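The listed protein sequences correspond, in order, to chains A and B. Per our numbering, residue 6 is the first one in the first sequence, and the count goes up by one each step. Per our numbering, residue 6 is the first one in the second sequence, and the count goes up by one each step.
Warning: the hint list may mix true and false statements.
Identical copies go unnamed one by one, so any copy, or any two together, can satisfy a pair.
What the hints assert, rightly or not - List of simulated lysine-lysine pairs, BS3-like, C-alpha gap at most 30 Å:
| hint | residue 1 | residue 2 |
| --- | --- | --- |
| 1 | K12 | K151 |
| 2 | K12 | K206 |
| 3 | K237 | K12 |
| 4 | K353 | K383 |
| 5 | K103 | K12 |
| 6 | K208 | K12 |
The set of hints was computed from the structure by calculation and includes no laboratory data. Remember, predicted model here, so these are calculated numbers, not experimental data.
Listed below, chain by chain, are the residues.
There are 2 protein chains.
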Amino acid sequence: MINPNYKALLSGKSIIRELSEYATERGREIGYENVFDYSLGNPSVPGPVSFTDTMLELLRDSDPVTIHGYSPSLGIQQVRQAVAESLNRRFGTCYDTKHIFMTCGAAGAVAHAVRCVTVPGDEVLTFAPFFPEYTQYVNRTGAILKVVPANTETFQINFDAFEEMLTERVAAVLINTPNNPSGIVYTTETITRLADVLRRKQKQYGHDIFLISDEPYREIVFEGVDSPFVAKFYDNTLTCYSFSKSLSVPGERIGYIAVNPNATDADIIAVICGQISRGIGHNCPPSIIQLAVSRVLDQTSDLSVYETNMNLIYNKLIDLGFTVVKPGGTFYIFPKALEDDANVFCMKAKKYDLILVPADNFGCTGYFRMAYCIGTEKVIRSLDVLEKFVKTEYPEKY
Amino acid sequence: MINPNYKALLSGKSIIRELSEYATERGREIGYENVFDYSLGNPSVPGPVSFTDTMLELLRDSDPVTIHGYSPSLGIQQVRQAVAESLNRRFGTCYDTKHIFMTCGAAGAVAHAVRCVTVPGDEVLTFAPFFPEYTQYVNRTGAILKVVPANTETFQINFDAFEEMLTERVAAVLINTPNNPSGIVYTTETITRLADVLRRKQKQYGHDIFLISDEPYREIVFEGVDSPFVAKFYDNTLTCYSFSKSLSVPGERIGYIAVNPNATDADIIAVICGQISRGIGHNCPPSIIQLAVSRVLDQTSDLSVYETNMNLIYNKLIDLGFTVVKPGGTFYIFPKALEDDANVFCMKAKKYDLILVPADNFGCTGYFRMAYCIGTEKVIRSLDVLEKFVKTEYPEKY
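Please build the complete structure, drawing on both the sequences and the hints.
See below:
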């Protein structure tokens with residue numbers, strides 16, 4: 006029998022994917038250049054040339070049996086060491102090889118981290134607005150994701166609601182900074198206060214509360230924005246990282262968990278993650294990609310286009326009277342729709358071939374997300390379309 | 006809190022891994038050429054040059070944003086299509102693109118297949134001797150792996166025991182042909198009879214019984230050996246494949262599930278597997294590796310060394326009076342130890358720097374496995390050592 010629980014999931018199609026498929030279909034009809042597709046968070050800039058060069062070098066100069074051979078389930082030893090050293094160099098941390106577990110992207114990292122520090126029935130808190138796949142990563146382990154309502158003034162943490170929901174049942178708190186979908190980066194003040202609350206509650210309840218910090222956008226932070234390294238503020242931190250955005254390699258499924266050396270059981274968490282892998286058939290990320298990223302750890306794609314795009318869109322949104330918090334990083338912006346139902350708002354935009362994602366399933370009704378990882382030339386053209394759309398559909402506002 | 010179930014797994018270290026680590030350590034002491042390490046099933050021959058060439062071509066000639074971009078969670082459309090066409094060409098099957106789900110190796114394939122066709126509490130049958138990781142792939146889903154005792158005469162299926170254990174609680178049967186560890190290939194007669202039993206029991210119980218056919222060694226079959234394509238015999242077959250052995254790329258984590266077009270719900274099983282991926286953070290296999298294998302689907306490494314090695318070892322074992330069934334494929338051979346406790350036998354062999362794996366956790370006590378994916382020159386030297394070992398330790402046999 007086909008498992009009925011998985012079968013039931015087929016009806017719940019992702020709104021993002023649906024919109025993206027519509028955009029592709031529409032592009033076929035009227036030309037892709039005429040569809041302004043802000044639906045998908047797919048990096049639009051090529052990775053650094055050094056990444057390609059490293060791949061070419063590995064293929065040309067190495068023994069194929071070695072470079073394509075099995076990786077240990079925790080990751081290739083020298084790769085884990087290189088990741089630890091890069092983090093220590095950049096953030097003044099003290100990671101050792103044993104604290105690094107190589108994963109298939111941040112998705113794999115979060116899925117392992119949650120399995121590692123919860124048992125079925127435990128609660129995991131996250132903060133609205135949040136990446137909708139968190140529901141899958143958490144609930145499929147048997148733990149239960151609960152969402153702290155947004156602080157819509159700043160999209161920093163709503164601490165009153167957080168403290169109320171941080172009961173004894175909470176085993177882990179899952180944050181995402183820089184944030185998808187808001188584009189906000191948690192400030193030093195936010196992280197400090199978050200860590201203080203967690204330490205206080207750990208003491209009060211007499212058990213660990215792990216902080217799972219999902220940081221795939223860590224390298225996309227804009228000029229002058231305060232962007233603290235979360236793990237430095239709280240011992241029980243598992244940092245989940247992906248090279249998808251920094252190196253523009255989302256399809257190559259490569260990332261890691263970095264276990265804070267001062268965390269409870271810090272020396273065995275990576276080994277436990279290796280055990281978790283055995284049961285889900287993940288085993289290890291691809292060997293050649295591990296080797297390649299380990300040689301370009303401190304490099305990134307040219308990420309400046311995202312800031313250029315953000316400024317263009319942000320300024321236009323402000324001009325047009327939108328309520329919107331200025332993003333500090335990522336390639337997302339998260340404005341309030343011009344009517345209460347963001348779904349209706351986005352449906353109207355579609356008529357103008359402007360593809361916007363309503364944010365109900367990001368835990369924030371009335372808002373929409375724009376993923377501006379597209380060419381700047383197209384962004385510029387889209388702004389006139391945006392103006393035409395809102396002035397036609399919402400004349401009372403102008 | 007660290008999940009205590011996963012933590013408990015840390016004590017159960019894999020005997021294969023332990024022996025392999027010992028072999029590496031010992032190699033450092035006395036020189037690797039003097040340690041005869043038959044522990045690990047790691048391909049020893051390079052992949053076809055065309056695979057490396059294809060990778061180089063992709064990296065040199067394609068848009069990096071495209072080749073490193075996100076794959077759909079079911080796999081890249083043209084890759085799935087190429088896999089279906091290759092199967093149809095080679096085996097006269099009728100797979101369509103929608104029947105192919107790309108996975109991270111056979112491990113990922115089996116883990117998805119089991120999740121798809123069982124619910125917690127269901128039983129999954131497999132046949133001794135079996136790959137020990139099956140216990141993890143099955144039991145971690147909540148289903149229960151039960152092992153049908155071996156037919157030690159031929160290592161084909163023990164049908165009496167099988168029929169007895171094939172109760173109403175069984176949702177799936179998991180086979181592995183060519184087999185790790187026995188090296189045996191199931192004959193047309195075996196598969197025909199297996200399919201007959203399954204159809205009869207499906208009818209009797211009024212529910213599907215899926216056949217999960219794990220075939221990572223499909224391309225390593227020796228001269229003249231009958232090697233039927235399993236899915237042609239039984240509609241409810243999910244074929245799990247890995248390119249690890251055929252292309253010598255075990256570290257690149259690439260394989261697939263092929264759903265028999267006549268299986269129950271055949272058209273949605275791949276889509277359901279995509280949903281399963283979301284919860285375990287697997288998402289999709291690496292894009293560039295998908296693209297590369299799709300261009301060399303009908304090619305393999307030069308696999309002839311494995312047959313050469315097998316013949317050398319088999320003949321020597323027979324000369325020395327071992328009870329052993331001649332392998333029809335893979336790079337494993339599975340002789341009976343010269344004393345009841347294969348652990349003691351293998352410990353004695355270790356003194357001669359001959360690393361053999363006792364088979365208790367393959368579900369077959371009293372046997373041991375040799376993974377002869379090493380150079381032929383070393384195999385030849387190891388045979389004298391084997392002779393010296395058995396004639397010294399078991400003089401009463403000679």
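In rising order, the numbers of the hints this structure does not comply with: none
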